[in-house]
Amino acid sequence: MAAAVLVTTFLMGIVALVAVLWAVAKGQLSGGSNGARVIFAPGELGIGENPNPTADLEPDPETGLVQGQTIDELQARIEADISSRQPVLAFAGSAVLWLVLGSVLGLIASIKMHEPDWLNESRLLTFGRLRPMHLNVVAYGWLSMAGIASALWLIPRLLRTTLKGGGFALLGAVLWNVAVLGGVTSLGAGVSEGLEWLEFPWPVDALFVLAGGLVSLPLFFTLRTRRVEHLYVSVWYLTAALVWFPILFLVGNGFSLFAHGVPQATVNWWFAHNVLGLWFTPLALAASYYLIPKIIGRPIHSYQLSLMGFWALALFYSHVGIHHLIGGPVPTWLVTVSIVTSMMMFVPVVAVAINQHFTMWGHFRYLLTSPTLRFVVLGAVTYTLVSFQGSLHSLRTLNTLTHFTHYTVAHAHLGAYGFASMIFFGSMYFYLPRVVRFEWPYPRLITAHFWFVFIGFGVYFIGLSIGGLLQGFAMLRAESPFMDSVTVTIPFLVARSVGGALMNVGHLIFAGHVLILMLHFGRARTAPAQFKPLAIIAAELKS
Amino acid sequence: MKPLEITLGAASIVMFAGAVLGLAPELQLGSISPPAGLKPYTLSERRGRATYVDLGCMYCHSQQPRDKVQAPDEERGWGRAATPGDYSYDRPHLLGTMRTGPDLLNIGVRQPSEDWHLLHLYQPRAVVPGSIMPSYPFLFVKKDRNLLYPGDRTLKVPPPYDEPGVAVVVTEEARDLVAYLKSLKRNHPTDELPPPVPPPEEAKP
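Order-wise, the sequence lines are chains A and B.
Numbers in my numbering are just positions in the first sequence, counted from 1, shifted up by 803.
Numbers in my numbering are just positions in the second sequence, counted from 1, shifted up by 627.
Bear in mind the hints are in silico, worked out from the structure with no lab data behind them.
Incorrect hints may appear among the rest.
[Said to hold, decoys possible] Away from chain A, derived, C-beta distances all over 12 Å, residues of chain B:
#1 Asp681
#2 Asp717
#3 Pro751
#4 Leu775
#5 Lys783
[To be verified] Mimicking DSSO-like on lysine-lysine, the simulated pairs with C-alpha atoms at most 30 Å apart in a straight line are:
#6 Lys1097(A) with Lys1345(A)
#7 Lys629(B) with Lys829(A)
#8 Lys666(B) with Lys1097(A)
#9 Lys783(B) with Lys770(B)
#10 Lys770(B) with Lys666(B)
#11 Lys829(A) with Lys1097(A)
Keep in mind the model is a prediction, meaning the values are calculated, not measured.
Beta carbons are placed, not taken as given, at the ideal position from N, Cα and C, and that holds for glycine.
This is chain A alone, in the form it adopts within the complex (with noise of 0.2 Å):
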């Protein structure tokens, strides 16, 4: 078995190299020149996107441009936003309503692990029972709803088109949903696979694949009326994730179906990780390389990077889940293949990095007014974090010390929380508005939620961090009882509770804002809702 595996990787090894090599001699990788503006009007270079959609915007008495488009390039990109409208909104919508039952979900969990007899007397409310409910809740209701509500918006702009098959993607919304209530019905119920990630029962899991089918319809029928030349990074990641989602949901679990014991294990891991890595990160990191430039005006740092890193990223990232398993009954080699492909995971990461910082740099002013950037930013430095994080410890000694412990539960929060749903609440600041035609309303609201879930995570991520260490060193110490790993971490698990409960807190208003947004409740604003005008902070620099 070694030496076939050593083979067949220097033969892939050989392959990857030739394709790299034809691609930089094709060009394949550049785009030519101009690939990283092509998100941009020609005139709009150095002009942030007003993300307030019912302004009067005066066009510049110079140029007679709007925000540097002609009336006519204004007039196709409202046209694009509104041909997704239905689609979107009906994913935006159900994303944020899951939000809040699984956030709920998920802070009744936490509290029962330091009030064990807490809400003791039902089955249904027991912590084996919840955090499954959780997981599934956050993981397929929010992240993915949220995650396809901002691919479907995206698309349209992106190809500078309007949104082809939309109805496909409505449909797939309406399937989509039942799939996550059956799902969590009958993990409530006590239905269950009995494996992590994938609980659903297969009927279930039958309605995924077919919604997430539907799902890329759109892209593909709207890629063919596409009026753009190069395809821009964007849509790279988007069309890798609609096409990974339903192959790994139908193989993941179809073959655990069938398969038993060690090799069920390994491919439950190789799911897992990859929902995390090939369909939460590239749909989270195509809205970060959209919205980012377009909202400091300004193309990315290094286009070429971007396209690299992106094989880079499905190569590597596809093959780390058995780093889940390091120490278990697995082949070694496998466990190899798993941290190897994790450590060099740092190049997709960097490269990203790279990219998205860089872009940033000298613009952080920006932060300062736009709710969308402060939320993507935060979200793209987490990202950068939680990948240094996961890599450092899928090595051998690190994960010695914190397989098994809280600090893995942490770490998984960082990149679906701190990463993923940053990017996705900053992605809704700014599509929703354009899609209902109706600015946010209350821009205080936006800042509690922004206040509310970063220092809530902070307090969680920290606090967990650190009683998973904690935890880690206790059951390391062979003299210790284990009890002693238990009693160390209760005050970091109640530190848990309390972020979480902010956390909590912060959705509420978030999800009371889109609400007043949708039903064009509140005063209809000419202003962009943001943080705090420029001219205000200008003025107050000046003083």
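Chain A is already provided as a structure; the job is to place chain B on it using the hints.
Below, chain B alone, put in the same frame as chain A:
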């Protein structure tokens, strides 16, 4: 690149990864025959295993002791390093990723008492002070002490967790779950592990 190239490239990469991480282990390990020392689960144990899955025990308990070179799992009494053969009858696998509570692959070896397990499920803190395991009162039926059926198996609950005049009757489900826990023994000899490394010779004074 064209959409078709991106689609095909992305799809083939993820399928290849699936083959490496899923198919290859299946080919390597799928044909391992169950070790002679490992018995298949009985019907009661299988029902108990279903309850273990239903109540989500694996979210806090792993079933995969690590090798003593890596971690002191064996010193804690959790058993020798686990091997693929140990899971010959396990579907779904319950390897777990968390040790809020201890590893359970050999709980049947270190805790063979049915009474201990039943009381621990009814009220963990009655046997392990400071435990944060949930209590599972719904695996038991509370009855008036005077209205018991003959054959009702009652649980002796110590103070302060007992209630005057109330008998705690063990359900079939609780007994099945305990039967499963007691069946968790992976102490049979295995030829799947490398031979133990002899300890280094003490330096002569």
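Structure-based check of all given hints:
1. Asp681: Incorrect as stated: the minimum Cβ-Cβ distance to chain A is 4 Å, not above 12 Å.
2. Asp717: Not fine: 5 Å to the nearest Cβ puts Asp717(B) too close to chain A.
3. Pro751: 7 Å, violated
4. Leu775: Holds, since 22 Å exceeds 12 Å.
5. Lys783: 20 Å, holds
6. Lys1097(A) with Lys1345(A): Roughly 27 Å between the alpha carbons, so the hint for Lys1097(A) and Lys1345(A) holds.
7. Lys629(B) with Lys829(A): 13 Å, holds
8. Lys666(B) with Lys1097(A): This hinted pair is violated, its Cα atoms lying about 63 Å apart.
9. Lys783(B) with Lys770(B): Given that 30 Å is the threshold and the Cα spacing comes to 13 Å, the pair holds.
10. Lys770(B) with Lys666(B): Measuring from Cα to Cα gives roughly 37 Å; hence the hint is violated.
11. Lys829(A) with Lys1097(A): 29 Å, holds
This entry does not satisfy hints 1, 2, 3, 8 and 10, going by the numbered hints stated previously.
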